[in-house]
Amino acid sequence: MTAPLQAQPAATAPATGNVKAGTLVDIMARKGFWAQVRGGGATGWLKLSSLSLDSSGGAGEIAALASGRTGTGNVVSASGGRGLDAADLAGATPDNAAVAALSGTSESAAAQFAAAGNLKARAITYLRAR
Amino acid sequence: MKARTCLALTALLITGAQAQFKLEDLGNLTKGKNLPAGVGDVLGKVQEYAGNQSADDEVRSGDTIAATVLGAAPVWRNQKVQSYVNLVGRNLARQVERKDVNWRFAVLDTPSVNAMAFPGGIVVVTRGLYRLLASEDELAAVLAHEIAHVNRKHQWKVIQKQKLIAMAGEAVTKGNSDRTAQVVTDLGTRLIARGLDKTAEFEADRDGVVIAARAGYDSSALISVMGRLKALPNNADTSLLFSTHPSPADRIEAMTQAATPQIEAAATPSAAAARIKTAQ
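Residue numbers (my numbering), protein chains in the order written: chain A, 1 to 130; chain B, 1 to 280.
None of these hints come from the bench; they were simulated from the model.
Since we're looking at a predicted model, the values are computed, not measured.
Beta carbons are placed, not taken as given, at the ideal position from N, Cα and C, and that holds for glycine.
Watch out, some of these pointers could steer you wrong.
[What the hints assert, rightly or not] Rough simulated footprint, nothing fancy, chain A against chain B, three-plus residues with beta-carbon under 8 Å:
1) 57 to 66
2) 105 to 116
3) 144 to 157
4) 237 to 250
5) 255 to 264
Just chain A, with the same shape it has in the complex:
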């Protein structure tokens, strides 16, 4: 299975090559719902939907094609804490004190936090299903 690479971030752009599923690629740039990637001897733009992201994160983020299993260790920690599956829920004893202890934060503190992060609110309309 392969995914096509495009010369520009558009499905209509000329193809620059193909990458095989499972290939590790470097993300060089992002634009809209596209990522410019390099890997498997090719460079080009790939839809974000073709990528599966490695959570090691960092600036030089590595990604692999999702349709195959990624070669890197996307392992979820098995240590610490209890599980939270349907059986765990069914057997749980309610902890009302833990709920009562949740205090939240104020709207004004949140607004200050947004300003400190240089986050600017934008008017954006809701999306419709298509």
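Given chain A's structure and the hints, the job is docking chain B onto it.
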């Protein structure tokens, strides 16, 4: 009514087609009509228990349901992270229409990968999911999806509908408020385990993308999170998430299809993206 949201309890009482009536229909039914002795009382009771309730009732019920989840997975003892997540979440909540919500956010100490919203405004993210997130934009995307569920009352509407049906059956014999509270808690806990229908999840994805973008975050961050979920194996830590949501690939596809030029233009990392690294 979708099969996934149809609990066994309700299925016995009323068939899917008959369950489509709305709460208001009951009011019309009882208004100005001479009902047989006792029927008016029963309908009145049902309406009292299951009718449109205040935000206080929603918070009370949601908190009771959340208590069960917190009984299964405790709040992570990391005050820095808890404060941080509350600030990110509360700021996002400023972008939605509902103002009658008691917003509280928490990270739960469990390796399971999941996030949940409860009626009335408790939103939780598991430590297993939190550690996968690479930026504040990705955290915001997850929280915004959950905020959308509360803003649209997705869970609360399902609980109300099913409570109406459950209580209609019980009211014929006898109903009391303790029993009603128990029914709501049971319905809510089962809803957490079974999940909402796919339509509600896709809607929360679309709304979540918009809510995060409104707050100044990267509109493609939820797609990035889905990319991370796609890479996870289906195991004990992911089974509940994967069984209660459409596949990450389907969710990415639906968001991509729904995206407008306005949303695509907002697909750049925010200035606050790296702030998550200060709260680990």
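How about the region 237 to 250 of chain B: do at least three of its residues have a C-beta closer than 8 Å to a C-beta of chain A? Holds, because 6 residues of the region 237 to 250 of chain B bring their Cβ atoms closer than 8 Å to Cβ atoms of chain A.
With a cut-off of 8 Å between beta carbons, are at least three residues of the region 144 to 157 of chain B near chain A? The restraint on the region 144 to 157 of chain B is violated, since only 0 of its residues have a Cβ under 8 Å from chain A and three are required.
Take the region 105 to 116 of chain B, compare each residue's beta carbon with every beta carbon of chain A, and decide whether three or more fall closer than 8 Å. Since 9 is at least three, the answer is holds.
Holds or violated: the region 57 to 66 of chain B covered by chain A, criterion of 3 or more residues with Cβ-Cβ distance under 8 Å? Since three or more residues must qualify, the claim that chain A covers the region 57 to 66 of chain B holds, with 3 doing so at under 8 Å.
Coverage assertion for the region 255 to 264 of chain B with respect to chain A, Cβ distance below 8 Å, three residues required: Holds: 8 residues of the region 255 to 264 of chain B have a Cβ under 8 Å from chain A.
Of the numbered hints stated above, the single one contradicted by the structure is hint 3.
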